[in-house]
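Asks: Now for the letters of each chain:
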Amino acid sequence: MNFKTLLLATALSGVAAGALLSAPAQAAELTIGFSQIGSESGWRAAETTVSKSEAKKRNINFKIADAQQKQENQIKAIRSFIAQGVDAIFLAPVVATGWDAVLKEAKEAQIPVVLLDRDIDPSGKELYLTAVTSDSVAEGKVAGQWLVKTVGSKPCNVVELQGTVGASVATNRKKGFEDGIAGASNVKIVRSQTGDFTRAKGKEVMESFIKAEGGGKNICAVYAHNDDMMVGAIQAMKEAGLKPGTDVLTVSIDAVPDIFKAMAAGEANATVELTPNMAGPAFDAIIAYKAKGTVPPKWIQTESKLYTQADNPKAIYESKKDLGY
Amino acid sequence: MPNDDSILLSLTGFSKAFAGFVALDHVDFTLRRGEIHALLGENGAGKSTLIKTMTGVVARDAGTMRLDGVEIAPRSAAEATRMGIATVYQEVNLAPNLSVAQNLFLGRQPTRLGLVREREMRRRAEDLLAGFGLSIDVAAPLESYSVAIQHIVAIARAVDQSARVLILDEPTASLDAHEVEVLFGVMRQLAARGIGIVFVTHFLDQVYAICDRITVLRNGRLAGSAPVAELPRLDLVRMMLGRELSAATAQRPPRAPATDAAPLAAFESFGKAGTVAPFDLTLRPGHVVGLAGLLGSGRTETVRLVFGADRADCGRAEVGGQAVVIASPREAMRLGFGYCPEERKTEGIVAELTVRENIVLALQARRGAMHPLSRREQDEIAAKFIRLLDIRPPDPERPIGLLSGGNQQKALLARWLATAPRLLILDEPTRGIDVGAHAEIIGLIRDLCAEGMALLVVSSELEEIVTYADEVIVLRDRAHVAQLTGEAISVPAILAAIAEAPADAA
Amino acid sequence: MALRLPRIGTSQVAALVLILAANWMVSPQFFDIRMQDGRLFGSLIDVLNRGAPVALLSLGMVLVIAMRGIDLSVGAVMAICGAIAASLADSHSLPVVLAAALGAGLACGLWNGLLVAVLGIQPIVATLILMVAGRGIAQLITEGRIVTFTSPELAFLGSGSVLGLPTPVVLTLGMLALTLLVVRGTALGLMIEATGGNPRASALAGVGTRVITVAVYMWSGLCAALAGIVAAADILGADANNAGLWLELDAILAVVIGGTSLFGGRFSVILAVVGALIIQAMNTGILLSGFPPETNLVVKALVVLAVLLAQSPRLGGFLAGLGVLFGRRP
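Chains as they are written, first to last, in the working numbering: chain A, 1 to 325; chain B, 1 to 506; chain C, 1 to 330.
If you are wondering where the hints come from, they were derived from the structure by calculation, not from laboratory data. Mixed in with the good hints, there may be bad ones.
[To be verified] Quick partial rundown of chain C residues pointing at chain A, CB under 10 Å, derived from the structure:
(1) D32
(2) N241
(3) L245
Given the structure is predicted, the values throughout are model-derived calculations rather than measurements. All C-beta atoms, glycine included, are put in the ideal place defined by N, C-alpha and C.
Build out the structure end to end from the sequences listed, making use of the hints.
Replies: What follows is the structure, encoded as structure tokens:
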């Protein structure tokens, strides 16, 4: 973290705010409003927790409005942030369309908007400063490349647990993984079914894969589009007398705490992180923008970081388990 | 085979068998222009099969059919309607929630540019009904009108669809005397226009009141066909039953008055606002109280209060000298009451359950779910009552919905007799069932009475009421208006009480 | 309503056999069963084990439907009870956990039953309330997370085995026996069929239709609670967002495949369970087949259509007619 920038930004914005709004003397901090979708998943809850702690680190006055999955609530929250004269607005849009009017209001009020985690329709491109999102194709690719590197030249039959049919994340993670293993003719996907991103379905589908592939003997690795399905698949393998992590390699995406627990127990091999820290880079971009007028790139891509058993999974589990996953 | 211009519809050699059971066996039928033709027979004689094969609802096995000399073979009721043969059933099959006008023109609404012209439709509906002497709000839902008006609407719809033959399947079964007269007026008017009407009914009086000709079916065969004038009542009954109706049903047997027995149940100023005015009623063992009056006069409402199906809001009830509150049928049953409702299909039978299950239902309900009757006990109870009441076919495992109306009624009586009630309430026990079953049920009422049961019977069959009632209460306009006992009970006396004009009427 | 003679379930059993045969064709090892760590292991066992939650739901649903009702809330009740069980599992003894979860299921059923029987709300609307609110309640309990537990006692209910059979299968068989005992060992079955067939007539015959209505919704809630416990025990955690999601529809389908009419009346508990097995045999078959997942729902719809058509009396008559037609030919 660039402490000097932070100091400078805080100081400058304080001056700016003081000059423009004749705010109280201690207003040396930024005020940022965040319209969060809700808490529909553990990852979403973790994102909220991490955003708060990142804000605290930077001494930012951070206001979160929970929209409970409703766009109308998000629009209301944004209008309220505009009325309060916040310095910036973060938005995790629940849907891709219908934002033009309210984002125009923010633009007219000269309040920069940063999208978190999800993008909106290209027509609205001029209405926000930047979007901080992950690249789900890259996540799949990192997973695929890890597997190719790990198996070397040995032939490897992979079974794939897809996300919900038709979900863009599932499509992208499938495509990324296929890109990742494209160069290695020894690694091939032999079975692919949807596990609907859930533990229960992941377990059920894995049970069938095991039966269909000679009791699991023909399976070299499992790739799951999220960790939850992998947790279910690991149970299925254990119940079938297989040793996940040893007999069968596992690689999945998201890096939720429970997969680290499995990795610590030697039952899972790798996961690719979908970081819940979308706000951190966004804060930095806003601070730089406010301080020096630095216009960030239109898309800030978060890192798709790979974790394996070598990364002290137990410690990571401890650090992640209270984030709200 | 008559062969003149007056013949509108002729059927020759109609046959139909269902899974080996011969429902129709070479039946001929001829209908002339402007004729009202009664089609009679006991339940199961083949009347409804004949109608269904005529209208294409059921495919016939053999036979030819000519309408105005042209051979036709409709394959569905809709096709028959297009050809000019329309049917109106006892349970009017129109949409009760739609307006009268919408029902009249359903499927053929006047339209402009694809949109229904509501006003035009209403105007035409009013014109059409005016032709039947009916002036009602055609925009109101059909269900807001009486059954009689619903029938007339159904007839108007059929006739307006250029019907030349109109089949009326028991249209009068749920109408009171005045409504029947209105319907008859409509029928006469249609006949005068040259429309041939087939009239299916159980009421012999009505046959003689309106019909020109009678055709009788028995056991799927043609039993005879003759002009009304050439077929006296006794001959007709003989033709229908194949035997003479026991004289017992026609005459009031001499019996000892039972009014001195201690009352089983007494109701004082019992009533419910808007339903039936407060009344007094005393029921004694071995004593039959008849309730007479027109449909809607408060007869059914009275017995529903007594049985707790509706809750009285005033008055006192005493059973065996003890004050009681009858808040539900369950409580009435605990007091030893039983109730066979008028609406057999909707309130009596559970059609898809077997005869056995229907018979044991009330007894089982009184014992409670935790004290089930064993299958053997159920079989014994069912067998006993099937034998006792001569329920046919004598198969306890047959779904009751497949039985004829008379046999369903007997099974419902069995349901209550199985609970050994002290008071049995019968609401129109002989409605819609064949002549033979009538006699049996009346005989049963007398037997039960002789065994010391108290009975409360609602009936529109005045000739029947006078033969078994010890006391007749006459109702009019939701109030008990007269009480006849002993020798004073007679059909003219009851009629006089019903017909007596209220003081304030013109 | 069409009157039917008593059913013997030929078409359902035939459908199950056909689907199992089809599974065997797409996956030759389908009928292989071996012992694995003291429990039976094989695709056929998977069908029974995975079919257990829907089979449990169908045990309650069949009674509700026989009463002319419907219970849309069972999936949400599964989520609530699973969440309760998982939240308490590591801090309380198993009897307490079960009592709490099953009690919650009964309470949910009581709520539904009171709305339907006392307030007279249409069942589809009354249970929709809990279907929507219930998942929210479950999410409140889990705080939107997957609540995991380690209690081996509770885990045993999901992934343990009794005499080689997976515990969920044994629980389902036990619940089936209990349901049969309750409805056929007493006169409740007759009263349910009578009330479903003709509520007015049954009330006039002295049947306590309100009490029975509340009782069947409570039974449905109890079955859903057990299904929720099994589902949570199976994955060692409660997933409030996904547990039991859309399973109410599978349960309704199982009951309908089992030949019970949505108009109420006659019902068969055993055939409802057969219906649940038909659905699961189909699901397992699809998973084993290796068809692309995009085709799952289409295949499922076609099979269900075929099973329901096979039960249609009209089509039955038509096919019989065809048989006669072709049989007569030399």
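Asks: Does each hint hold? Answer for all of them.
Replies: Verification of the supplied hints:
1. D32: 8 Å, holds
2. N241: 7 Å, holds
3. L245: 8 Å, holds
The structure is consistent with each of the numbered hints, conforming to all of them.
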